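Mind docking chain Z on chain W? Use the hints.
Protein chains: 2
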Amino acid sequence: MTYELYYWGGLPGRGEFARLALEEAGADYTDSAQGGGGDMMRLWDGPGIDTPSFAPPFLRHGKVLIGQTANILLYLGERLRLAPRAEVPKLWVHQIQLTIMDLVDEVHDTHHPVGGDFYYEDQKPEAARRSAMFRKSRIPRFLEWFETILARNPKGDRHLVGARLSYADLSLFQAIAGLNYAFPKAMARELAKAPRASDLAMRIAERPRIKAYLESDRRQPFNEDGIFRHYPELDG
Amino acid sequence: MTYELYYWGGLPGRGEFARLALEEAGADYTDSAQGGGGDMMRLWDGPGIDTPSFAPPFLRHGKVLIGQTANILLYLGERLRLAPRAEVPKLWVHQIQLTIMDLVDEVHDTHHPVGGDFYYEDQKPEAARRSAMFRKSRIPRFLEWFETILARNPKGDRHLVGARLSYADLSLFQAIAGLNYAFPKAMARELAKAPRASDLAMRIAERPRIKAYLESDRRQPFNEDGIFRHYPELDG
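Chains as they are written, first to last, in the numbering used here: chain W, 1 to 236; chain Z, 1 to 236.
Isolated chain W, as found in the complex (with noise of 0.2 Å):
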């Protein structure tokens, strides 16, 4: 049965962590982004339909209608073969998971300190201060994270969870590559210090079925219209 992902085109966004679990596992999808699938404007909250989610992305399964990312991707998880079987190592992957979309929303809130209704253009000083103290604490603070895990994995530092790989490890590679879009120079300094996630990411990008989508034109460039945004004076 084919899985159908329904986010905004234009921008990888939230969508991205979605995507990168279903083109790993060679799935059978189709993506709103391309033109694919039904109506999303019907389907996000369009009458009859029982279960709304409250924002994009959501993923279509059949009758299986699911939203919040960390919970397509729980969804996903064992049905793509990343993720365990068993309660405990899923929920720990699914914890990660959540971490990461922390760090997301934090990550927009560098753009957007004021909120989403106003445009960065009218929340540049208040985006320079935000960005300032995310670069000096907060950056370091989730690589650190990450980099603990890597280390007390009792299964070795070469996945986040066990001896395979998850949809944690896929994420932590967008995460990672959002950031150096992002903050270039910051995450010189930083992805210095955390030499696992550093590596992991690296050898994510190089996994065959990644590096295909990577090259693809279904791989959506980061911009400045997406939750990780360039923008110069933000960073340092």
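In case anyone wonders, no lab produced these hints; they're calculated from the structure.
Hints may be right or wrong, so weigh each one.
[As the list claims (entries may be wrong)] No farther apart than 25 Å at their CA atoms in a straight line, the calculated lysine to aspartate or glutamate pairs in the DMTMM-like style are these:
# : chain 1 : residue 1 : chain 2 : residue 2
1 : W       : 136       : W       : 121
2 : W       : 193       : Z       : 117
3 : W       : 136       : W       : 105
4 : W       : 63        : Z       : 87
5 : W       : 185       : Z       : 117
Model, not experiment: these values are computed from the prediction.
Chain Z alone, transformed into the frame defined by chain W:
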């Protein structure tokens, strides 16, 4: 086996969502905020902890250690009979919880838009701007979403999911209680437009175990150290 909840004392915060589920179920639990359990700092990410949480709350249950509020509730849901067993409705309850956690993050940002490293006093103008947007756009949008879910629940509008209480109902109660504390003027206006959500929150407060809990000294009051803060200048 005793559940051990670990969270900061002195504020209800994110820990309260787990606490309400444990209280409603009459579960055997300890609470670090009441001096219970082991050494929170060691269990958080001390040496030997393979699955360190990024931040409290986290839960210990035998050998299991689980972090992220919504993930804790996902683990507790079936065990406390506060979530369906079947995968799809279980993930729908989780999706609602994740969206409530997004709301909680946004509430935090109303008084800390520039970030948690600065005091509120050092970001008052930014907080005023963000709060105005939050009152105008976000409170109505979240309440409308809860109202839609209740109206469309095929089993009726007494619960968010199906015909039985779930932890999402308890969490909606807590979110509304917190918003009422932080933004009494805005909420008096907005809650009138969300009668189903308002009614559900009132019914939760009257459930015997919840009522007894709310009247006990285990219930920590909202205050200006927490996530839901009442600063009159941010309401209106």
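Status of the hints after comparison with the structure:
Restraint check for residue 136 (chain W) and residue 121 (chain W): satisfied, since their Cα atoms lie roughly 23 Å apart, inside the 25 Å limit. Distance hint between residue 193 (chain W) and residue 117 (chain Z) is fulfilled; the C-alpha atoms sit about 22 Å from each other, no more than 25 Å. Proposed proximity of residue 136 (chain W) and residue 105 (chain W) is supported: the alpha carbons are some 17 Å apart, at most 25 Å. Between residue 63 (chain W) and residue 87 (chain Z) the CA atoms are separated by roughly 13 Å; this keeps the pair inside 25 Å, and the hint holds.
About 21 Å separates the Cα atoms of residue 185 (chain W) and residue 117 (chain Z), which keeps this hinted pair within 25 Å; it holds.
Hint violations for this structure: none, all hints satisfied.
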